[in-house]
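Asker: Chain by chain, the residues run as shown.
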Amino acid sequence: MTSDTDFLSGLRSGLVPALSAAPFGMLFGAVAVAQGLSITETSLMSLTIFAGASQLVGVELFGHRVAAWLIIASIVAVNFRHVLYSAAIMPAIRHFSMPKKLTAFFLLTDPQFAETLKRFEATGHVSFSWYLGVGAALYGLWNIMTLVGATIGGFISDPEALGLDILLPIYFLNLVVGFRHRTNYAPVVAVSALGSILAYATIGSPWHVSVGAVAGIALAAILPPKKREAAS
Amino acid sequence: MSDFTNEHMMLVILGAAIATYLTRIGGYLLLSVVSDIPPRAEAALNAIPAAVLTTLVAPAFYATGWEGKLAIAAALLVGLRYKSPLPMIAVGWVIVMVCRRFIIG
Chain A
1 MTSDTDFLSG
11 LRSGLVPALS
21 AAPFGMLFGA
31 VAVAQGLSIT
41 ETSLMSLTIF
51 AGASQLVGVE
61 LFGHRVAAWL
71 IIASIVAVNF
81 RHVLYSAAIM
91 PAIRHFSMPK
101 KLTAFFLLTD
111 PQFAETLKRF
121 EATGHVSFSW
131 YLGVGAALYG
141 LWNIMTLVGA
151 TIGGFISDPE
161 ALGLDILLPI
171 YFLNLVVGFR
181 HRTNYAPVVA
191 VSALGSILAY
201 ATIGSPWHVS
211 VGAVAGIALA
221 AILPPKKREA
231 AS
Chain B
1 MSDFTNEHMM
11 LVILGAAIAT
21 YLTRIGGYLL
31 LSVVSDIPPR
41 AEAALNAIPA
51 AVLTTLVAPA
61 FYATGWEGKL
71 AIAAALLVGL
81 RYKSPLPMIA
91 VGWVIVMVCR
101 RFIIG
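Residue numbers (full-length UniProt numbering), protein chains in the order written: chain A, 1 to 232; chain B, 1 to 105.
The set of hints was computed from the structure by calculation and includes no laboratory data.
Think of the CB as a built atom: it goes at the ideal place given N, C-alpha and C, for glycine as much as any other residue.
Don't take each hint at face value.
[Said to hold, decoys possible] Derived EDC-like pairs: lysine to aspartate or glutamate, alpha-carbon spacing no greater than 16 Å straight-line:
# : chain 1 : residue 1 : chain 2 : residue 2
1 : B       : Lys69     : A       : Asp110
2 : B       : Lys69     : A       : Glu160
3 : B       : Lys83     : A       : Asp110
[What the hints assert, rightly or not] Coverage of chain B stretches by chain A, computed from C-beta distances (three or more under 8 Å per stretch; other residues unrestricted):
# : region
4 : 7–15
5 : 23–30
6 : 37–49
7 : 56–69
8 : 72–83
9 : 92–103
[Unchecked claim] Examples of chain B residues lying across from chain A (beta carbon under 7 Å, computed):
#  : residue
10 : Ala19
11 : Thr20
12 : Val34
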């Protein structure tokens, strides 16, 4: 295949996941503006971070007036799975030149990872043009929807009347539920939940995130280590 | 509203962007340096996403009204059945809106 048809085929592969992420791009844009970010700052997040779940986490923390280092640490925590992706995707993109590898890593999102491994397993080869096509569909639509959401979000005066306050906790709950097959999931979630509620009710808002998270992570380190398992 | 100054906010965003990029090349860099991670460190790393994200759900559940608690609980049940976030959000949002429009309001 020529690089043009490869690129188009990549765009097609990226379109379905890009469309299913579109509502969250809008949600992110609207929530970010509602939390007091400007449209420029909101777009800058989508243009430079380009990791939906972590952008929503970051914007939520902006609202809690959490320390800057904790915002960055939390965004990294949510994005930590990318470390596993970049290790696991190497067989498929090993033949890329270094600049192409560095570009590919910037575009490495959940759907990009999934589509790339799917194609690598089916055809045994992933071209840079195809990879770029998938990435262009995801990156393009994500940023367009961010802008749409941010524009509409500016007109929302009472988020509670529109039920917007419930969307983010449920979205995060979806992510939490998605990890339920991991080792020690139940005790980690229980301890994090309890720790964060206690911290929220006693020392107050910014600290519930770090207290709850550290409690859960510490518990995971203390519990007897299990056999090595496939990371999800 | 946030009390970040404009410049401060930009720095946080760019810091987060650089940190995110580092996670995206992290596995590649790590593979070329380390061959084995200690099991307890791996267990701790493995627990980070669920532990952090739980702290964004549990206090929200605690702080919201009964209609929010109902919505989050219903969404959890839906989430155990469907992987996509959309059905969870749809169910939770409808419950909150119906309660607020017709019962509370």
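Asker: Are the hints correct? Go through all of them and say.
Answerer: Against the structure, the hints come out as follows:
| no. | hint | verdict |
| --- | --- | --- |
| 1 | Lys69(B) to Asp110(A) | 30 Å, violated |
| 2 | Lys69(B) to Glu160(A) | 14 Å, holds |
| 3 | Lys83(B) to Asp110(A) | 14 Å, holds |
| 4 | 7–15 | holds (count 8) |
| 5 | 23–30 | holds (count 7) |
| 6 | 37–49 | holds (count 11) |
| 7 | 56–69 | holds (count 10) |
| 8 | 72–83 | holds (count 6) |
| 9 | 92–103 | holds (count 5) |
| 10 | Ala19 | 5 Å, holds |
| 11 | Thr20 | 5 Å, holds |
| 12 | Val34 | 10 Å, violated |
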